[in-house]
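One rule links them: number in my numbering = place in the sequence shown (from 1) + 277.
It is worth saying that the hints were derived from the structure and are not from the lab.
Don't take each hint at face value.
Taking lysine-lysine pairs in the BS3-like style, the calculated list, with each CA pair at most 30 Å apart, reads [as the list claims (entries may be wrong)]:
#	residue 1	residue 2
1	Lys319	Lys283
2	Lys319	Lys288
3	Lys320	Lys310
4	Lys288	Lys310
The following label-pair restraints were derived from C-beta to C-beta distances [stated by the list, open to error]:
#	residue 1	residue 2	range
5	Glu326	Lys288	25 to 31 Å
6	Gly290	Asp318	28 to 34 Å
7	Pro298	Lys320	17 to 23 Å
Ideal Cβ positions, reconstructed from N, Cα and C, are used throughout, including at glycine.
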Amino acid sequence: MFNFKKRKINKIGGSYMISLPHDWVRDIGYPKKVNVHMDKDKKLIVEVEGNVLANCSTASTEPSKEKI
């Protein structure tokens, strides 16, 4: 199991990006695309071809007023 620790949210253009640990991406085979959705508990789910790869809790889906 990987420890993702805290990840920074970076604003790039009109999008927000979260970097993923290199070892984790390598271990899942460098997929070009993944599906990401939020469940009813506001957790982000990352899937490749229907297999759940990560379940990442989110503190809030509300935009932060903090400047990034």
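Quick one: which hint numbers does this structure break? Sort them smallest to largest.
-> Checked against the structure, no hint fails, so every one of them is satisfied.
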